[in-house]
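Visitor: Listed in order, the protein sequences are those of chains A and B. The number in the numbering used here is simply the position in the first sequence, starting from 1, with 18 added. The number in the numbering used here is simply the position in the second sequence, starting from 1, with 18 added.
Bear in mind the hints are in silico, worked out from the structure with no lab data behind them. None of these values were measured; they are calculated from a predicted model. C-beta: ideal position from N, C-alpha, C; glycine also. Be a bit skeptical, because a hint or two may be false.
Claimed, not checked - Simulated restraints, written as ranges between beta carbons of each label pair:
#	chain 1	residue 1	chain 2	residue 2	range
1	A	R254	B	K38	49 to 57 Å
2	A	Q219	B	D146	37 to 45 Å
3	A	L21	B	M19	22 to 30 Å
4	A	L21	B	L21	37 to 45 Å
5	B	R43	A	P92	57 to 65 Å
6	A	D50	B	L21	24 to 32 Å
7	B	T269	A	K44	35 to 43 Å
8	B	R264	A	E188	42 to 50 Å
What the hints assert, rightly or not - In silico DSSO-like links for lysine-lysine, alpha-carbon gap of 27 Å or less:
#	chain 1	residue 1	chain 2	residue 2
9	B	K198	B	K113
10	A	K198	A	K279
11	B	K164	A	K26
12	A	K279	B	K26
13	B	K36	A	K36
14	A	K36	B	K38
15	B	K26	A	K38
16	A	K38	B	K36
17	B	K26	A	K36
18	B	K38	A	K26
19	A	K44	A	K26
20	B	K164	B	K96
Now for the letters of each chain:
Number of protein chains: 2
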Amino acid sequence: MELWYTEKQTEYVGMTCKAKGTLMRKRSQYQDIAVIDTEQFGRMLLLDGIVQTTVADEFVYHEMIAHVPLNAHPHPRKVAVIGGGDGGTIREIVKHDTVEKAVLLEIDSEVIETSRRYLPEIACGLDDERVEILIADGIAHIRESKNTYDVIIIDSTDPVGPAVGLFTPEFYGSVYEALKDDGIMVAQTESPYYEPERVRQTYLGVNAHFPITKLYLAYIPSYSSGLWSFTIGAKRHDPAVINRERPQPLTTRYYNVDVHKAAFGLPEFVRELVQP
Amino acid sequence: MELWYTEKQTEYVGMTCKAKGTLMRKRSQYQDIAVIDTEQFGRMLLLDGIVQTTVADEFVYHEMIAHVPLNAHPHPRKVAVIGGGDGGTIREIVKHDTVEKAVLLEIDSEVIETSRRYLPEIACGLDDERVEILIADGIAHIRESKNTYDVIIIDSTDPVGPAVGLFTPEFYGSVYEALKDDGIMVAQTESPYYEPERVRQTYLGVNAHFPITKLYLAYIPSYSSGLWSFTIGAKRHDPAVINRERPQPLTTRYYNVDVHKAAFGLPEFVRELVQP
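Based on the sequences and whatever the hints tell you, model everything.
Guide: Structure representation (structure tokens):
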């Protein structure tokens, strides 16, 4: 038997991977959760049939969503992650010795349990003593938080299902209020090739609240088109610049000082997408 | 009927695209040539079953293989392209007003004929009066050329079939000799995710001859993994820097001054791949 998993990334294009088998599949209160084992990417977490993270290339996404805002901030102490139940973003955050507290706001406890069991190399950071895990609606928590966080990371699924509310301008307004005076937010914002209008709308939504809004990019082979965008909003510090005296962490596989700057060098068609 | 074209990018992963149909397919002296029409990428040229270029995203590859070396050179006048029978690289080269002559060295005339007929928006530059088309073995031509070109662009297929000889250190030695004293070469060199050893070997092959050797990257959704590398060798000028007084061209969809610099900002795992 040859088993192939195929994800339709648009109506017209997909990625197909040879799979060894399904390790788990269940329906939680919020979504369909599955872990499959693939030859190319190793174990792969799927939510509602969409690749969220794979053992082979998760380092790109998690390093880039965490270290860019954390090194753009001169002294990140208190950080919130919305979504991110697999734990990969938390694992990267706790590599920063300035961080005193990292709050994970995940709505679906079964994502965390699945990751702990099937993706321990991704979930491992969740056991750090500075981490607080709240099984909660991130939107409500952020709306109630004022002047609290140095960095807020929106590590969500695609803007369907439980994540829809994380892509609204109103939510970015709440994030602005929840950040301290020199706070920085970042959100994963889909593929500029396949979802250009989504990228533009998210950028405009963040830009409606934050005086400095930028887009940066990373190459993620298991994600739609391979080109992924992150939208970053800052109250004071230019996020394209490393504002830490000693940028961290020292051991990475994707992120480095050159990549921090290069990620903001936008191809012309992406630059035009985020013109006001 | 639903028709899907699937390219296996490795033994274990592939891209699959919904196709409207096959526009042509034939066997030339050198390879299997096909043009299919897809929903996502428009018309697509396949050589030996591998995507070479698509109407939707060809601009990335062609702009990046042409404008980086041409803007790194202070006065590019005479340029050679080895392979590149579709004409896209030539189309970008002739946008530079310093260029007096662009020589296309394509071994397979049927690739040129196919592109002229089915991909006119890519082949259009071939009619520029500064272009000389030689149906010839690029390896032999370059071996016989000494101190002739300002820029040599190796726009080849993957290193199987007729292109194998274009990936050898000996060939890069011939390219070095064929370049003028301040010449620059560039070669397309596969995906660092899926072909890391190939990227490393090519880099070392170029580096064995050129005092300045660098790698740069671009995001090409229809190519394997979405992340593509180019290896650039220079005799005198740092290719990561724009050495033209007025960089050209003014109208692009991917390349710009920021992208020129950013493309050389290598992710850590790629940087490690090209350590000597």
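Visitor: Are there hints from earlier that the structure breaks, and if so, what are their numbers?
Guide: 4, 7, 11 and 12
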